[in-house]
Amino acid sequence: MEKSYIIVYQGSLDEVINDLLKNQIEKYIILNDTILVIYVPIDFDELKLTKIDTIAWWQNSAPMSSLIDITNNMSEGESTTSAAGTDYIYKNPYINITGKGILIAIIDSGIDYLHPDFINLDGTTRIVSIWDQESIKKNPPKGLLYGSEFTRDEINQAIKENDDTLTKDNMGTGTMAAGIASGNGRLNREYKGVAVDSELIIVKLREHKDRYKKDTINYEKTDFLAAIKYVLDIAKREKKELIINLTVGLMSKSIVNLTMLETFSDIDKPGIIVVSGAGNEGNTDIHYQGIITSLEEKNDITIQVGEQLNLDITIVAVGPDKIGASIISPGGEVSYQIMYSPDFYVYRGKFNLEDTAYEMKFTYPWLESGHQELIIRLLDVKPGIWNVRLVPEFIIRGEYDLYLPNKNLMSENTRFLDPDSVATLTMYATPKNVITIGGYNGRTDSLWIGSSKGPVKNRGIKPDIIAPCVDIISTYKDKSYNTATGTGVSSSVVSGVLALMMEFIKEQTNEYEEALYTQQLKTYLMLGATKNEIYTFPNVSQGYGVLNLKDTIISISNNFE
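Residue numbering for the sequence shown follows our numbering, starting at 119 and increasing by one per position.
Hints are all accurate, no fakes.
Keeping only pairs whose Cα atoms sit at most 20 angstroms apart, straight-line, the calculated SDA-like set for lysine to any residue is:
| id | residue 1 | residue 2 |
| --- | --- | --- |
| 1 | 169 | 481 |
| 2 | 166 | 484 |
| 3 | 468 | 432 |
| 4 | 597 | 241 |
| 5 | 525 | 179 |
| 6 | 218 | 206 |
Hints listed in this document are in silico derivations from the structure and should not be mistaken for laboratory results.
Sequences and hints are given; from them, build the entire structure.
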């Protein structure tokens, strides 16, 4: 058993590494010029990190979960062709774009590399490489600590021998995302993806279990960030444009000034595009927001807790405000009241009636928001009605948000009793240099009910657009097809569309580099999006409208006339 941390370091790398080794921290990955991750034993004392001069800031890893739900609804499913509107491209005699020369990275549950839709007509793979973070068959990629890397040549050999043992996608969500964005439809032309000649970089994330609910799988932020480093390295080696499709998400957040994703300077370069699903928390009751108007006021927020192992409750304040908290158990016991303190101390206690332990940690300012973050962790939590009591210490605006983990990691019965669906974007969907895609339901011609909403305080309107995401048919494990729903589906659709757009732009001009920045491509998507006249655009639910591939291509064409 081990745990992991993200470290913001300062000084030379030699100094940093020397300090880590002095403190018996031997497992580390240098991710970029700003951050590294460390993996340490479960009993590691994290207060050691505060005493290392070359560590400017640190945070625990955090759970991530899939933004794709496999729905097994083939009888009512919609093809990717229909959802994305790609007939306009593939049946148009004057347009010849297929995503050729563009890489799409899928960081999820892996891929069924023997599925015909990822194999060219000559029997070779369309996958550049696979990093299986769980495999022990081969060495890990250069600069990384764990897993096995499988090259294009090794995948080709496995295809030739019909050998399915290199790596497996046990969940099917990674294969689904890859097929929506890139599947060529060799098994069934009706179910081809968007950019049929694009190539794939695949990362199979390590699975972790029992974080909040027994037998429920989550991924880890540290492993995910290592995957970002890997796919950027591969794109650099291949010298090709790259679209990173984010189909897993961190918990929701209302205030984000900087994410660890943004420490990778390459994602600001032309030809490197990050696309993220907005999140699937629009109707899951994981968010509460309120306001405290005076220092004499206390607010009690009620949480219904179902059958699960543990629970994290995150309290975020706005601006310089400081708001402390205690928690009240179903039996009426009151925890320690945590208030701001300049140390990193973790306060621990126990509710005797419920036999539930708790931990509290107050960080101010939290690096990624610049504001307060207070985390209450309930261990071996018991079902019932729990209350968080907020106690103001310093108030200017008085606004606050409370968040629970992503719903698919918890019991269905765990929820705020008075929730709010706004400000529920998954954290890596919030940056300006990420194209954020909400979910659209083509059956009802409306926003998908589960699609997370903006806004992001201090960062403007999000999502950028919405795209089809309900019961979309695509590739699945064991050389089959299935249906899936979620904003990881809509981000996969748009990732394929972006591959087509990038190839189209490269055909229009030899001086295309300036047109391949994230903001330019995002603007084309916004210009082409369908805007229902009954709504005001942009808005926090639909951004600038619904994906419209035809009008987007026309808007690009008009710009290069």
